[in-house]
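Undergrad: Protein chains in written order, with our numbering: chain A, 1 to 294; chain B, 1 to 522.
Calculated directly from the structure, the hints in this document are not laboratory data.
Listed below are the simulated DMTMM-like cross-link pairs for lysine to aspartate or glutamate, each with C-alpha atoms no more than 25 angstroms apart in a straight line:
(1) K160/A / E331/B
(2) K438/B / D132/A
(3) K438/B / E462/B
(4) K160/A / D186/A
(5) K45/A / D74/A
(6) K160/A / D173/A
Since the model is a prediction, treat every value here as computed from it, not as a measurement.
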Amino acid sequence: MQPDRNSNVFSLLRTARVHARIGAALHSVPSNCGRGRPRSENEDKVAALRQAVAQLENTWLGAPPAYLSLGLPDLHEHLPGPGLPCGALHEVIAAMHADTPAATGFTLAVMACALRARRGPAMLVVSRQAADFGTPYGHGLRALSLDAGRLLLVEARSGKDALWALEEILRSDAGAAVVAGVVETDLDLTMSRRLNLATAAAGTPLLMLRPPAATGISAATTRWRIAAAPARRDRFGAIAGTRWQVALERCRNGRAGQWELEWDHVAHRFGVAEVVADRASAAGPERPNLRRAV
Amino acid sequence: MLVASGTGGARLVALNAAAWRCGLAVGDLLSNARSKVLDLQVRDADPAADSDALRRLALWCLRYTPVVAPWETGEASGLFLDITGCAHLFGGEDGLLADLATRLRRFGLNPRPAVADTAGAAWAVARFTSPTQWGRWPKAGGGSDEMSVTETTSAPLRPCGAPPQLSLGRDIHIIPPDQQQHTLRDLPLAALRLDASTQAVLCRLGFRRIGELMRQPRAPLAARFGASLLLRLDQALGREAELLSPLEPPPSYRTHAVFAEAISLQAHVVEATTRLLRRLMPDLARDGVGIRILRLLLFRLDGEVQALQLGLAAPSRDVAHVARLIAMRLERLPMGLAADFGFEAAALHVTAAERIVQRQASLGIADEAGEAAGLAPLIDRLEHRLGAGAVRRLQPQQSHIPERAVVARAAAEAPAADWRIEAPFGMRPPLLLAPPEKTDDVLASVPEGPPRRFRWRGVLHEVAHAEGPERIAPEWWRPGPDATERDYYVVEDTAGRRFWLFRAGHYDATPTPPWFVHGVFP
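Work out the full structure, taking the sequences as your base and the hints as a guide.
TA: Right, dumping it as structure tokens:
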């Protein structure tokens, strides 16, 4: 596929279709999405418009809209649909270099969610320079409920090769459930657009783990910034689950947000951590309420 | 008796035993020979037929070993067989040689096989061992050369004190390992595979045997005769490696095309290859096999041949897929496609074909692995760009040692493993450092307590919480310096980051046991 040729066709097509769709959406207001909360007419119209635009953006190549549920209704309210949009590029960035394991763990947990919801193998592309904190370990992946038998590791010598491999996987008919890349090179706008188009055509969620110094604009649908948090403890004081400080920094057709998420090692699902009173006071005044939407 | 034109008229190039008994020798003038013996039967020599017969014989010898190299120098032709690791299949070296000699005799040939550590020594011994047979050799009645030299490059196990030379019946010689110096000492210089002029000069200087040459200082020899003499000597003695050019068995499927106009563009080469592949596919489909290893030969106008070899993860009959791999391969040639004058012809050889197992397509029922048919071609493409073994799967292994409990195998060879097995007792990190990284400044309670503080990668971590120890004992059947008991701890530092640390050994041992970080938790 050549993006330059397509973008011309696309822009023409898009303007025509956007007008048609938005007009249709304004006239035919669909029923409530079932969030439980009653909505005003205006809100419904805005939601319908949002959905129409989201569909145009994601489905112009014919992929059906699908969402990868994280099982967190609180978090889904910030996202354009009931979960992470499939067929879109999602960036995961560690808050600091030392938080890279935490960000990797979050990526792997999202991959585990995708593996349970979708068919096919999970592909993890790691460029050699980015594997600073070790290589994926089968028994440890099980604790995140990731089926290591369905995981394929792709080792690339450089970031450039890794980006090539990601696009190659997305454009192939291997039917991957989820694709993730650990790349240390900067992702420029052109490359992220290419990947976004490839993932939209495949309908496969693409997660990109990027270093904390990652700058520059990218065409990613969501950007998550992950920092480590002290683990969840059981009533005996033993480590019972992984916790992350998760910030949704940007989200197309959604809102930013900040949570403290945890991974239940027994039930194998995400949860929003209860902010314990003594922890909140220990955290100090700079983060008064972790569930505050930004 | 065979003749060919030489200096001064027709000369003898080969003769049978009867002629040899009459006192004739290779190299004699035909007119002299006619005057010696009245009723000579003379035929013209046919070198092309000889080399053809040698090649056929070499192909036949592939039954003994995959590496057979024909050695073709006029009358001294023969075959080199590398029987390293093959001899035991025929009951040892003597068994192999006896079998080879018996079969060749049944063909009406007169073989003289020999086994030695080096090709040069085996060649020498096969021709020049028995003193009565020095000089010119009689030939059997056929037109082809039939000497068979067998060599082995590595020393097979053999009981000590074996006799230095084991003779198995007529003309079969086995030189024990590292005995070639002793054996070669008494052989004439002709046994060194030297050219005629060097041999003549050495003869004039008074050298008769190889032993005399071995005793001489090397520098003057090199100055007088160049490197080739010493090279042959070293190759015979095993000091220098000798590269044999082995015969390649003909491919099972092949096709070729000659172009009306020379092509030089990469796209054209790919297009030509695609057409060749299409021509090949009906044959493959008829036999139910797919391409596993493919070789593309491009013949340049100036006589150069470019060869590209291609391996596939799974046997395939998909023309588009193989053509794409070839295109990727051409792009990644280190010097590019050197098509200076253009290619006038191309040939496609399938050197390895494998059966394609037909599988029933699942009728909407999700299979366990859930892998699409497009995965194997994807692995092919990824491995061609990223290198062999770049795509891997994790497989569990029976071991308590963490780094041995999981192994990453190339996805092309390893099937998807079943991970529904019993999990290890303790917590395991999703990211494992290989090898474990040493930590400094560890403050831990002695003798068996968790660490309170440690420095890793230059950063000092204060431990807020620790769980453990989980003691993992070494595998006693694998002794080694790292076979110590390890006490693993899961620790969380004050910033909320979790590590998997272990102490190798105990505090009662001297020196103080080191601490390592073996993994990180999310």
